[in-house]
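Asks: So the protein sequences, as listed, match chains A and B.
The first sequence begins at 2 in the working numbering and counts up by one.
The second sequence begins at 2 in the working numbering and counts up by one.
In case anyone wonders, no lab produced these hints; they're calculated from the structure.
Treat the hints with care, since some could be wrong.
Repeated chains share a single entry, so a pair holds when one copy, or any two copies, can fit it.
The list that follows gives simulated cross-link-like pairs (lysine-lysine, DSSO-like), each with its CA atoms no further than 27 Å apart [said to hold, decoys possible]:
no.	residue 1	residue 2
1	Lys168	Lys144
2	Lys144	Lys17
3	Lys293	Lys207
4	Lys291	Lys102
5	Lys103	Lys208
6	Lys283	Lys223
7	Lys168	Lys53
8	Lys208	Lys17
Protein chains: 2
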Amino acid sequence: MGVPVEEDGDTLSGFKTTRVLRDCAREKTIFVHGTIADQAAVVLLEKTPITKDSLDELFSGSRMELDMRNDTCSTYLLQPPAHLNRIMTTVVCPATEEHMKKYQSGELFLVEETEADYNSITLACIEQQSFSIQWMYNVLEKKAEADRIVCEDPDPQLGFVLLPDVKWDQKQNDNLYLVAIAHQRGIKCLRDLTPEHVPLLKNILKKGEEAIFQRYGLPAWKLRVYLHYQPSYYHLHVHFTALEYDAPGCEMTRAHLIQNVIQNLQLYPQYYRSHTLFFTLKEGDGLLAKFKEAGRL
Amino acid sequence: MGVPVEEDGDTLSGFKTTRVLRDCAREKTIFVHGTIADQAAVVLLEKTPITKDSLDELFSGSRMELDMRNDTCSTYLLQPPAHLNRIMTTVVCPATEEHMKKYQSGELFLVEETEADYNSITLACIEQQSFSIQWMYNVLEKKAEADRIVCEDPDPQLGFVLLPDVKWDQKQNDNLYLVAIAHQRGIKCLRDLTPEHVPLLKNILKKGEEAIFQRYGLPAWKLRVYLHYQPSYYHLHVHFTALEYDAPGCEMTRAHLIQNVIQNLQLYPQYYRSHTLFFTLKEGDGLLAKFKEAGRL
Chain A
2 MGVPVEEDGD TLSGFKTTRV LRDCAREKTI FVHGTIADQA AVVLLEKTPI TKDSLDELFS
62 GSRMELDMRN DTCSTYLLQP PAHLNRIMTT VVCPATEEHM KKYQSGELFL VEETEADYNS
122 ITLACIEQQS FSIQWMYNVL EKKAEADRIV CEDPDPQLGF VLLPDVKWDQ KQNDNLYLVA
182 IAHQRGIKCL RDLTPEHVPL LKNILKKGEE AIFQRYGLPA WKLRVYLHYQ PSYYHLHVHF
242 TALEYDAPGC EMTRAHLIQN VIQNLQLYPQ YYRSHTLFFT LKEGDGLLAK FKEAGRL
Chain B
2 MGVPVEEDGD TLSGFKTTRV LRDCAREKTI FVHGTIADQA AVVLLEKTPI TKDSLDELFS
62 GSRMELDMRN DTCSTYLLQP PAHLNRIMTT VVCPATEEHM KKYQSGELFL VEETEADYNS
122 ITLACIEQQS FSIQWMYNVL EKKAEADRIV CEDPDPQLGF VLLPDVKWDQ KQNDNLYLVA
182 IAHQRGIKCL RDLTPEHVPL LKNILKKGEE AIFQRYGLPA WKLRVYLHYQ PSYYHLHVHF
242 TALEYDAPGC EMTRAHLIQN VIQNLQLYPQ YYRSHTLFFT LKEGDGLLAK FKEAGRL
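Isolated chain A (complex conformation) (with noise of 0.2 Å):
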């Protein structure tokens, strides 16, 4: 027991906050770091779900503001009585500093990287990779995960490795995700796609979508199938999940669908090569870094 908690949650009343690690609007989150009786603590504190359950008391008992009306729609402020809107909090106390580092967001950023930017700055940091590309290799050599491959197609040009990736439980579909990583070694990222990568691309989806329908008995219109840009790892890989599952990283900033990027390149033969992209990097991510010392930010 790292600090005394009496039952009636005096501890909490004392706790002094030091800075907000986390926020989420979305989510109706905010994770805190602060002190409890001079220990480091952190404090995660997430609203309740509304439940239908509540309902009626929340239409007829609570206090409403009129905020706005125009033609059928307005809007209101609610402010149901306090036993129906709770917050789970979570402590953590005493709390070390990989408790902050693994609840501290970053501030994100805009980058928009043009073909210069991507010759000159991002090519010299993925070549200072700081995320090793070790396990991809393994992977593809049968060296760990072999147990794991859902498919296999072993042409070196065309062939690919499908794996669900470390992030799904494979419990149950709603949160389908796995990776195919291509045999073919030395295509980084997006920006070294060319039209002779088209036959490639459209194997993985095709072959993949087909490993997945027969495997787990979802069909091709019910996945998302897409690469990153920027992606953690520098190899070729493409994502598949579940198209009702609200997966992180398929925002526009940063997931490309692979029939628009199959498209994109056949119609026009440099898309990737010569547009400027644009995705979010992270405070404290070497790339952005980068960006600011060359002036881009």
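For this one, chain A is given, so just place chain B on it according to the hints.
Replies: Okay, now just chain B, sitting in the frame of chain A:
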């Protein structure tokens, strides 16, 4: 005005629930179908984010119930003072079948729309428009929400009105969400855009960014600016959200970054006319039914 609304919100207190259309525990939202004085209504409820400013009062003024403790970790249920815990509420009344469908959760489908599909299937569907765009005309003509306008450029070709989206409570920048509505009529969606619209898009982007910086202090590189395809309303409008807000509708299968749209139009004039576009549609959507009838799914 579809229904008389009392300033004190009496109307909402007479709301009778018929069924829950959708709820999301992650986002703390619930969408409900019901009636107000015998008229069909849809009510959208979403808890407000937890703000940094409220933390001191939250820790000192809440009732706390200890739930569990294990080693350095404890969990509580906090019951904060009612004024710290509000619910943003949007009422649509009278609501149509289309509104029910929009807010109901249903199976998702990935749709592939060629230029021919757009002309033979989608266009007819848009023309029997499900959602009225009257509310947008009201805004442009100052018949409603005039006091909410953040900035306006009155030019009939290049101009627009920028105002907070109804989903944003405007209490903090964390979930900043504004919408720019173009004055120019007749641009239904992405498919209608040609290089002649580049000055309009650039004007919305530049002046919208400037206005948001002046009013809310968020610089351009902290914003995500984009169009939806398919949009909910077929009159040109542009979404501005805080980059750090994981806003719904930012995924690659719906959102198109405006900078990328401008670039595509400049380099490939027919890009949005002739490209195959991919998007998701939900079971029950009229357009999805048409794609199925046409054997395209």
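Asks: Evaluate each hint against the coordinates.
Replies: Hints, one by one, checked against the model:
1. Lys168 to Lys144: within (20 Å within a copy, 50 Å between copies)
2. Lys144 to Lys17: neither (30 Å within a copy, 48 Å between copies)
3. Lys293 to Lys207: between (40 Å within a copy, 22 Å between copies)
4. Lys291 to Lys102: This pair counts as within: shortest intra-copy Cα distance 15 Å, inter-copy 47 Å.
5. Lys103 to Lys208: neither (31 Å within a copy, 34 Å between copies)
6. Lys283 to Lys223: So lysine 283 and lysine 223 pass the 27 Å test across copies only (11 Å; inside, 31 Å).
7. Lys168 to Lys53: Close inside one copy (20 Å) and across copies (21 Å); limit 27 Å.
8. Lys208 to Lys17: neither (43 Å within a copy, 41 Å between copies)
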